[in-house]
Amino acid sequence: MNFDFSEEQTLLKDSVAKFIQNEYSYEARQKNSQSDAGYSEKNWSTFAELGWLCVPFTEEQGGIGGGPVEMMIMMEEFGKGLVVEPYFSSVVLSGGLLAKAGNESQQAELITGIIDGSKKIAFAYNESQARFDLHNVVTQAEKNAQGYVINGNKSLVLHGASADLLIVSVRTSGESLDNDGITLLLVPVNTEGVSIKATRTLDGQRAAEVQFTNVQVNSDALLGEEGSAASVIDRVANEAMLALCAEAVGSMEKLYKDTVAYTKERKQFGVAISGFQALQHRMVDMFTAHEQCKSLLLRAVLSYSAGDEGAVKNIAALKYQVGISGQAVAHEAVQIHGGMGMTDEMSIGMYLKRINMINTLFGNADYHLQRFTELSL
Amino acid sequence: MDIQFTPEDIAFQKEVKAFLSENVTDEIRRGYTGGEVDPDIMVKWQKILHKQGWVAPNWPAEIGGTGWTITQKYIFENECAESGAPSVIPFGLKMVAPVIYTFGSDEQKKRFLPDILESNVWWCQGYSEPGAGSDLAALQTKAELDGDHYVVNGQKIWTTYAQDADWIFCLVRTSSEGKRQAGISFLLIDMKTPGVEVRKIDTIDNQHTLNEVFFDNVRVPVENRIGEENKGWTYAKVLLTHERTAIAGVAQSKKGLQKLKEFAAQEKVGAGVLADDPLFTAKIAKVEIDLMALEYTELRAIASVSAGGAPGPESSILKIRGTEIQQAVSELTIEACGHYAHVINDGEAIGNDMSWVASAKYLYGRASTIYGGSNEVQKNIIAKMVLGL
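Chains A and B, in that order, are what the protein sequence lines are. Going by our numbering, the letters in the first sequence line up with residues 1 to 377, in that order. Going by our numbering, the letters in the second sequence line up with residues 1001 to 1389, in that order.
Since the hints were derived computationally from the structure, they do not count as laboratory data. Any given hint could be a false lead.
[As the list claims (entries may be wrong)] Taking lysine-lysine pairs in the BS3-like style, the calculated list, with each CA pair at most 25 Å apart, reads:
| hint | chain 1 | residue 1 | chain 2 | residue 2 |
| --- | --- | --- | --- | --- |
| 1 | B | K1384 | A | K313 |
| 2 | B | K1051 | B | K1142 |
| 3 | B | K1384 | A | K264 |
[Said to hold, decoys possible] Quick partial rundown of chain A residues pointing at chain B, CB under 7 Å, derived from the structure:
| hint | residue |
| --- | --- |
| 4 | D133 |
| 5 | V284 |
| 6 | L296 |
| 7 | R299 |
Cβ coordinates follow ideal geometry from the N, Cα and C atoms, glycine included.
Next comes chain A alone, as it looks inside the complex (with noise of 0.2 Å):
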């Protein structure tokens, strides 16, 4: 029994924290946040020359084979950076969708291109109604002679406005709420009939709501097969929960370390506040909250690598402890840092807003307490 990373993991972590702690200051990020693109085009040629956009993806692919523990690594540094280049968007969800569902063609076309950085590709699976259920796809996509004609609506489709090419869960059968007959299709960004409204998110993250009016795609935009796309999705989904939450506990180390920090520096009543017990009490809550959901993700990370049955309640209790003690810790390090924390000036409440996206995005708490009481009882 052991929880110690290999000496390739070890690099890998040490190389992404590298540029974490020299290329990623608050200031940088939210100036990159800021530009047009909502991220630094330069930083993502960064990212392809340092590998990390090969890593999920198989050798035959052009990838390095990495799983989720190699996800883990990168995802926790990246959320004690608060990243915002697209790598979950494209990498974790679109790639995983063509690394699983892909024809040759089109794995050889498109993985390569998000891999060398020059395609970037955005998941509409959202809509309104749907609320966190993946399989609540109302958007239709009509069988014809060439291909499909798609009518509906997509929302918060994450980088969907920067991307050049959407990958769309539609209905090609069935009911609103039914398993089969979802569909994905490959729909090029400048496609006739497709309108992209771009949004921005309190976490200073971008993302679209995308109107389809009759969308002509041809056959050979179908990604896997037709009707049967939930279980690819529902996989994928495994993966992005895993992915979000390492995050997000790369989020919360960051929280409760540096709220010790400032608590040292800040003096009242002629002492740093660090020495009063009603806060060291309140500190260490926080630093066990995260180690905590630490364990939580090396269980669903770990249990998902060995395709262990117990995977699914692992990532449901792990995806609902992160979404109550992620933005516990993000709130108790607001309230430590007193008026500093509701400031633009400090990253501590940009980390709660990220928290708080991540806790929404594939199920909220309340959703994932239901999962796994469903799966537990």
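Given chain A, work out where chain B should sit, using these hints.
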């Protein structure tokens, strides 16, 4: 990263399961029901374990330990809880013995260790005093040298199972000079010595676990002192940190939660069962998730010790979260029992089987966040030692 058991571990697990299923009878399970113990059954069980060679997994192998790896100890702990076997009484085997085999003379080892291993002698712990709880170094029970004896005067309190004990290991003040910690010695006292008196403390759980122990001119031979005079604090600290990995009680809480779920699945409520109530099941689920996290926190601590390292910062939260979870399980259990949780156990089961022990466990369990250094003191320690505050 590797969390899978080796084939040797799996074979070991099988062996433990087989042993337990043969030896843990209903009678043995009644040895400990959540506070009070039945001394005769406990001694019987510990002798069975001793015969198997498994009563003292943490002792050095050459004096009666098992030589198990930490993973094996983890497996043993979990399987014991799963079988419903009572945990061994810790005061002799897990508390005073390590102090004796680490700091005692050869003479003392020969005199005391075999009887502990064979459960011939019952020990209790004389640490806390009325004025020395979380602030243990404030203790005032005095031991004054008179020839080749110490004369002990004072009082200990919260002494668990003192009413059944043959011996007590005590921290006593042998000097009032210098730092408070530097005037404490570690004495072993025969409870039959004239001047030792045990008085029961009536407690909220209606059981007899806690006592006061009074010392009135009790004469203790100098040869019963462990190590050097005034060095007792050092030995006591070793004792306090000795059982670090088992303190969370994860295995017992897992078993408790499993029993609670089984009970909720058959306890009738209206047309259905308690397990259909979404509010109640959500509470169970939250505790279960907490426990799943703590189980891995414990494994992480075990793995780092197993690899020869010191327990990481994660180990410091085991006591706090472990006892909080134990309490949460017991709170939900009495909630599940409904009215019957409030009926006094007079030796006859009233209502359901669960409530027979639920209230005793719940009430006695309030002590878990107080003893062994209250959870607030634990937080002070983490703030200082881990967070550097």
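Hint-by-hint comparison with the structure:
A hinted pair counts as satisfied when its Cα atoms are at most 25 Å apart, and B/K1384 with A/K313 does not qualify at roughly 36 Å. Under the criterion of a C-alpha separation no larger than 25 Å, the hint pairing B/K1051 with B/K1142 is inconsistent with the structure, at around 40 Å. Our distance criterion of 25 Å between C-alpha atoms is met by B/K1384 and A/K264, whose separation comes to about 12 Å. With 7 Å as the threshold, the beta carbon of A/D133 stays out of range of chain B, its nearest partner Cβ sitting at about 18 Å, so the hint is violated.
The interface hint given for A/V284 is met, as the beta carbon of that residue sits about 4 Å from the closest beta carbon of chain B, less than 7 Å. Taking 7 Å as the C-beta cut-off, the interface hint given for A/L296 holds, the closest approach to chain B being about 5 Å. The closest approach between the C-beta of A/R299 and any C-beta of chain B is roughly 5 Å, which is under the 7 Å cut-off, so the hint is satisfied.
Hint compliance for this structure: hints 1, 2 and 4 are not met, and every other hint is.
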